[in-house]
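Read top to bottom, the protein sequences are chains A and B. Residues 1 to 395 (our numbering) make up the first sequence, in order. Residues 1 to 259 (our numbering) make up the second sequence, in order.
Take the hints with a grain of salt, since some may be wrong.
As the list claims (entries may be wrong) - Per the computed footprint, the stretches of chain A lying under chain B, defined by three or more beta-carbons under 8 angstroms from a beta-carbon of chain B, are: (1) 137–146; (2) 287–293.
Said to hold, decoys possible - Covered stretches of chain B, going by a simulated chain A footprint (3 or more residues, C-beta under 8 angstroms): (3) 74–88; (4) 116–126.
Said to hold, decoys possible - DSBU-like, lysine-lysine: derived pairs with alpha carbons at most 30 angstroms apart: (5) B:K13 / A:K297; (6) A:K37 / A:K297; (7) B:K188 / A:K172.
Source of the hints: derived by calculation from the structure; they are not laboratory data. Beta carbons are placed, not taken as given, at the ideal position from N, Cα and C, and that holds for glycine.
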Amino acid sequence: MKVFTFHLMPYANLDMNFMEKHRAAWVVLPNTYYDPKVGHELYNRYLDELELAAELGFDGISVNEHHQNAYGLMPSPVVTAAALARRTKTAKLAILGNAFGLREHPLNLAEEHSMIDNITGGRLISGMVRGIGAEYFSTGNNPAFSHARFQEAHDLVVQAWTRPGPFSFEGKFYHFEYVNTWPRPYQQPHPPIWAPSTGSTETIEWAAHPSRKYTYLQAYSPTQSVMRFLNYYRECAERMYGYTASSDQIGWSTPVYISDTDQKARDEAKPHIEVLFNRLLRLPFEMLFPPGYLSPKSLANMRSHKRSVSGQEHTVDSLIEAGIIVCGSPDTVRRQFTETHRMLGFQNLLCLMQFGTLPRDLTERNIRLFASEVLPALQGLTDKQYAGMQTKAAE
Amino acid sequence: MAENAVIDLRGSKVNIWRAGKGEPVLFLHGLQGRNGHEPGLDELAKSFEVIAPDHPGFGRSENVDGVDDINDLSLFYLDLMDALKLERVHVVGQCIGGWLALEMAIYWGQRFKSLSLVNSAGIRVKDVPRGDLFVCSEEDMIRMLFAGNGGVEWMKSIRGEGELEDIYERNRAAAAKYSWSPRLCNPKLDRWLHRVNAPVHIVWGEENRVLPPAYGEALKKLIPGASHATIANCAHLAHIEQPQKFAQEISQFIRRTGS
């Protein structure tokens, strides 16, 4: 198994009473809450934490994109990935993901990814996402065309990376007379493409398509949903497309916290993880799913699934209970990942080692404990330890 | 008697609500679509034949491939007016329906016997913020759409289970499709409003918080010869909140135009 760490780069110094006055840490939270001097400290601390993970043997480190919020200070993951490119030597750099379709000019983003891939000698993984609903408020993009525009941006970028230029591209949303990417990507035919999601059947069906076989990552979900969606990927490949998906094509992304004992881990994680789920991640339904963002079918699914993540007050205990986070002693955490892998077989794991207000010292200890006590065992897991499909995906 | 009928327009299904007898009045609905709870239309149907289609993607009308924005929609409506044999017709446009009517009128004003703009979208007014119906909660939406207390009941009547809820979601998605960005307007429309040569009457809710009354006043300045009236105790949905006054404003205006 390949184990990555990722960082949300939260504005941890936020006055957490903001919810008395504002509906969310997204879209409408005034940027006067942001202090650039604090931001300077945080960015550098967070980059240090990712670099530390790379030094300690994680297979890769990962950044992502969100706009106009205190939940994560990373409107451009290309900037953070570029900052990490020359500070790391062997770790993969995974941008999970970039919302190509939100851009007026996705070709520029394709060029930037290509630059990072060249600089790192092929260590880039390109995640492609639609962006969550809130981004459509923050960027002005029309959510009603979200799926179509995402797919067209994807097609444009893949062609820009693979087809000899110059050629012209005539789409519905994008029109280019000269597509001729300099530099071409280092990896051939192009950097691996991953599709992170919180569970959309359209995204899974799209990622699993035989012409793509992109790695699907399930994020922020109770164990039941992780099982349902990862198994759906395998079923989809088998039944809809007639091939057997490799376990490299699926991954799970989850917050992780380790301390000496289970109780100590819970006590230490509690205030910080609860800030993440009850403050920073709290999004009103209208902001999370603007009109037209989801297909009618996904909307119906999402109404039930999503309430369990962002629609209720969480505690560290309820989050552990539901399997949304993994928290405990090194033994507990190792056992839980090994057991979940036995059931689902995913060959990619993304661990969020800093969350909410978790301070520097606890984050660093978390990373170090994970690297020494858990990581080696997980990196040794292969399909031999996977029990095979046990449950039918509910779909 | 009111009736819904689905017609086929060049391969697309369009749902049209009709009621009343007399001079035809084409009603172009707004962001909320039509939900069958528009007492203002029933009032209007006492004096006219009201023809109220669901725009493509709204209500029971299909999404139409290639009808993605307000310009596509205005051409679609020319096709529909041809199919309905409405060579010249009185038009009432509410919210984005008013915007749609203006987009048509700057090119084809001769097709309009008259144009009533009720809380119409279409232009932007510098330094007068609009209310954002997309981001707000249901409670805030009700507060924004109604001056009085009628909103809660209205919301109950248009939401629920099954087809009702499907239509509510379809209406929201279609509203975004046509009006998300630029939000509720064509930034260049004001440049051409002098071309509207049909008689125009502008009707505004005094407590409109989606498009504050300054939007109605700005339209009056931009459209040659337009008359203007406001309705008290009324916000954005005049045809729901003040059905009698809504119908009265339009009826009197149409009579003034001499038809």
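Report task. Enumerate the violated hints, using their earlier numbering and listing them in ascending order. Result -> 3, 4 and 6
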